[in-house]
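Student: Single-letter residue listing:
2 protein chains.
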Amino acid sequence: MKRGLDAIFKPDSIAVVGASTNPEKLGYQILENIINAGFKGTVYPLNPKAKDILGLSCVNDPDDLPEGIDLAVVIIPAGVVPATLDRLGEKGVRSAIVITGGFAEAGDEGERLQKQLAEIAEKREMRVIGPNCQGVNYAYHNLCASWPLIRLRGDMAIISQSGTVGAALIDWASEERIGFSAFVSMGNRADVDEAELIEYFSEDPSTKVITLYIEGVKSPEQFQRSLQNCGKPVVIFKAGRTARGKIAAESHTKSLAGRDEIYNALFKKYGVVRALDIEELYDYSKALAYLPEPKGNRMLIVTSSGGAAIIAIDAAEELGFLVDPIKPAVAEEISKVIPPHCITVNPIDLTGDADAAMFKRVMDMAEKDYDIVMPIFGDPVPGAVDIVSADKCHLVAYLGGADVEREERVKMGERKIAVFPTPERAVKAASVYLKLGRIPETRESLPHGEEKAAGNMLTPVDAFALLERYGIAVSPYFRVTKHDDVRRYGDALGYPVVLKVNSSEVIHKSDEGGIVLNIHSADDALRAFDELCNRFDSRGVSYDGLLVARQMEPGTEVMLGVTRDEQFGHALAFGLGGIFVEVLKDVTFRMLPLSKEGVIDMIGDLRGRRVLEGVRGRPPADVDAIAELGERLSRLIEENPRISELDLNPVAVYEKGLVVLDARVIL
Amino acid sequence: MKRGLDAIFKPDSIAVVGASTNPEKLGYQILENIINAGFKGTVYPLNPKAKDILGLSCVNDPDDLPEGIDLAVVIIPAGVVPATLDRLGEKGVRSAIVITGGFAEAGDEGERLQKQLAEIAEKREMRVIGPNCQGVNYAYHNLCASWPLIRLRGDMAIISQSGTVGAALIDWASEERIGFSAFVSMGNRADVDEAELIEYFSEDPSTKVITLYIEGVKSPEQFQRSLQNCGKPVVIFKAGRTARGKIAAESHTKSLAGRDEIYNALFKKYGVVRALDIEELYDYSKALAYLPEPKGNRMLIVTSSGGAAIIAIDAAEELGFLVDPIKPAVAEEISKVIPPHCITVNPIDLTGDADAAMFKRVMDMAEKDYDIVMPIFGDPVPGAVDIVSADKCHLVAYLGGADVEREERVKMGERKIAVFPTPERAVKAASVYLKLGRIPETRESLPHGEEKAAGNMLTPVDAFALLERYGIAVSPYFRVTKHDDVRRYGDALGYPVVLKVNSSEVIHKSDEGGIVLNIHSADDALRAFDELCNRFDSRGVSYDGLLVARQMEPGTEVMLGVTRDEQFGHALAFGLGGIFVEVLKDVTFRMLPLSKEGVIDMIGDLRGRRVLEGVRGRPPADVDAIAELGERLSRLIEENPRISELDLNPVAVYEKGLVVLDARVIL
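These protein sequences, in sequence, are chains A and F. The letter at position 381 of the first sequence is residue 381 when you use our numbering, and the numbering goes up by one with no holes. The letter at position 587 of the second sequence is residue 587 when you use our numbering, and the numbering goes up by one with no holes.
Any given hint might turn out to be false.
Remember, identical chains collapse to one label, so a pair may be satisfied in a single copy or spanning two.
Below 20 Å or equal to it, Euclidean Cα-Cα: the simulated EDC-like pairs (lysine to aspartate or glutamate) are [said to hold, decoys possible]: (1) 336 <-> 109; (2) 269 <-> 566; (3) 416 <-> 613; (4) 268 <-> 566; (5) 435 <-> 601; (6) 585 <-> 261; (7) 596 <-> 628.
By construction, these hints were calculated from the structure, which means they are not laboratory data.
Work the whole structure out from these sequences, hints included.
Tutor: See below:
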């Protein structure tokens, strides 16, 4: 006789309550699966009339069952479940899996029945899974009290509030030959819940990873305690993220779906890996179960497909891996053993000529400098299975290999090697180890676009003049070369004013001290004039006087830019000013030419677009004026195609109209 | 004799140049595939010595070929390719697919060879695919001049710069029985490129969708023209997004990979659907080819799996679909024909008891009010294929059905019905139609969390006092009830000051006119005092005097908040101030209690975290002070668990230290 949940997962005897003679019925199919899964204990089909089913003699009444059966699998109408459980409990049945639906999920009467069921379970000290569930599957005890019949042993315990999601996962695992340790469809959780199951499988020697699909949590305290105490990785896909999804989840499970941000916080606290869809849930679990933990984030890619390797690199870079070139000395050694047209950087591209032996040679030579080695078999590569190892951090992607691929994947699965169908899914799955935060990330500094040489930059005055020719409003300005000018034009503009050095050599005016803001009087203006002149004279920078401009009211800041692509010509960049561009890279691009409608369409791309509607007490910004500016800029570029770069940043947008505060134009 | 690219895709005669007698060699395998694909024209294996291969008599010398063959498939060493092409051209061969590698991708000598090849092609007016490619596959002409042998006819033309990626796509399409019209592995594009292929397949009557994997574009003008003129949907996965990915792409293809933001702009301009990974490329193409365009975004979900439906709703909401409840009258009709425990909202959850007939009944009754009907077969549902239609916008997801599922999927594929393996992938695939922007989106207004009743809100003075007890710095303040107080404390604090109504009934002080900022003198302060008192007296709002506080220097703004979850207790929210929280929802959560380290860890979650390092000339913010504040707040909550909500917003963080400017505490 088994104690606690062991009676459910490792029973010595099972009664199938509601066993059926009709092969179309679950009462038949589940009995069949229990038998065909190779269960080693005794099975008692319980059926009021039948003599035998599937070769087993039937028991016609619960009273005729022997004492102390471990597990009852219950598939009878909901109305008679509580009374039957009571009689089973009387006979000392230790546990039950109630498949039958029609309980709490089905209205008031069902809720009443479920309450009865729970009370009886407590009274009789029976542990119950369900009701309204798809059963239980524990591969290491040859137990398949569920459907379909799947029983391949592996390392993932799959616990699911949805029978379908769980069944899909074990089906995938079975197709890939990596298997699972357990599948528990929790159903309505009248008794056993996710917390207790996490606890149970954290102690189960056959389980390496605990994989959960949940829509809500039954006992918050126990759930948290189970996560706290769990020494194994836990991956959870919590559905009901959105408003409507939450409503559906609560109606489905008759329990609180909870707030999504709280689940994020919880999962962070207990080091739970959060998956955002079924495939992520599967892939993360698979990596944790079958891909050995890497020591760091340095990744080597060895490939027979150049394209697939590029795809892998994009994913790796975005997810925090480092795909550094191999050391020159190693590259030289490698180039001696592979065809001359192969590329030996990282990826090492063996091209379509690669065979398994060549993969192995190269991986052996290069892998010592990396934490993760990713072979991409991007063709039919027979024998690939023999050169990857379950003991090393070999991240395998296999694609484009048709039947050879299918055979190799099965063989790899049988050797407990995780194989992924695309490079992206492989890299994302491996990134689960970075999410756990236990791996030190080496960070490199990639050169991020060199600074454009000043080359043919227009002076600020020329840039403003160019804009004005296209009817684009700039802050009122004058060029000044002496004190008299400053005094006269300062007065004419009205204070405050700004002063800028008028040079085609000073690219970043603020950083290089070429601009003075907030000048409130003629005296201050003269001082600033002298200061700027002295500064640039002493640096030997050539400049054509200074620009004095009215300091405008701060509106809503936006930036518009034009960039010229070597292949495709000019594109317009549009973003909100300041941090939106600098910190958040919240910028969108369109090819030129562009009409007003095109510019308005761009606004919709911005994460921060609501700023233009007016937030924090600010008035809304004149979107029409922005569109007009974009269209004028488009014409300016069409008529001045030599411009390679143009930046209007910032542009102050008001409730009515806008003004360009600073401009940079490079030919 | 065929003209232009027709010679490649619809040849009457093919010479396999480099046909081999060795089954291990491509020269044998490709010949075999050409034969086994059922090519109807004449095939000439060209081999200098062999007599026959695979039952076909060999031609030993190009001179012995008949005049005017349409297509040569070339698999001979790179060095002899140009001369051989020249001789083939002399014999009037119209086109060639050069499989051989070792050209531009393999260094200077290869580049020279490729240039020769291109010149000969031009001179001989031969159209050439490749070199260095995986061949061509045109299912509607029974042409498989590539490997592996795949030939199932369908509606997607797959054009790929990577042989592997293309092969993976046609393999998937073939496994799913939906097939493809063409597969072109472009290789080095010495002659034919993506632009010309887009043009060709835009005219091809068997192609509904053009699917491309590219790493760069050969002729920008022609590429753009081809997109401009293409009347069919085009889906493109452009790899080389990241810095390292771009380097790898350029080394792989020896051509410019271009800037990612420019590709975004281009694709927007021409209405190209951009896919970001291989599975997206496949799924979007599949939906465009096999899912009829919906008229709008209203989605009905009919499911046998409650869980899978919740997952679908989350995805649908996030991607712009509307999963509105079904009309009550329709719901009532439906509830008459399905078991009583089924839920008839939207999703209509038929539960595990559902069979195909029940799906059909319900879909027929409800689908008239929706644009997309999504049946989710979340179990083995035999006969599912018979109740979905290729002519209606039926978005099918099938999972958890094991062998029954596999059979049904194949049958659906054969009837040109797209089936997706998870609800998320189905919904995302369908969202391709929203991306195209041709579908009107109906928008609803969901109730987004009601306003908390003021209930037990502390007054601003009490809230500040509470914070001070935990050593949290607030702006220096006093409670004032009369003019004398205002004068005295205003002077004591030093101007400018702010005045706030000290009430537990005013939740949003700014919106309700309960705060006056920028008070620069005692006179102004007295005026503000009167104004506030009059305002709230006249509204009958009770308040306990006003709060006068020093107006602090504007530091870097952050906000900290505490929220209490019904199930899991208190969590801390942390975000940057202003637009970051209000517009960008850039907020992160952690469960309480929390140490300083925990708070610092939160910072890493924020998209805008760089703001704290100091941007736009601002000094860096005192991160340690923020951590300290978080920890003190954590203790405050531990000792005052009755608090259900607490907001410190804004908090001004300086280079050294910080000050809470406003606080709201609800018990």
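Student: Give a verdict on every hint.
Tutor: Evaluation of the provided hints:
1. 336 <-> 109: between (77 Å within a copy, 18 Å between copies)
2. 269 <-> 566: Intra 48 Å, inter 18 Å, cutoff 20 Å: inter-copy only.
3. 416 <-> 613: The answer is neither: 55 Å in one copy and 46 Å across copies each exceed 20 Å.
4. 268 <-> 566: between (45 Å within a copy, 19 Å between copies)
5. 435 <-> 601: Only across copies: residue 435 and residue 601 sit 13 Å apart there, 36 Å inside one copy, limit 20 Å.
6. 585 <-> 261: For residue 585 and residue 261, the Cα distance is within 20 Å only across copies (11 Å; inside one copy 24 Å).
7. 596 <-> 628: Cα proximity of residue 596 and residue 628: one copy only (6 Å, versus 50 Å across).
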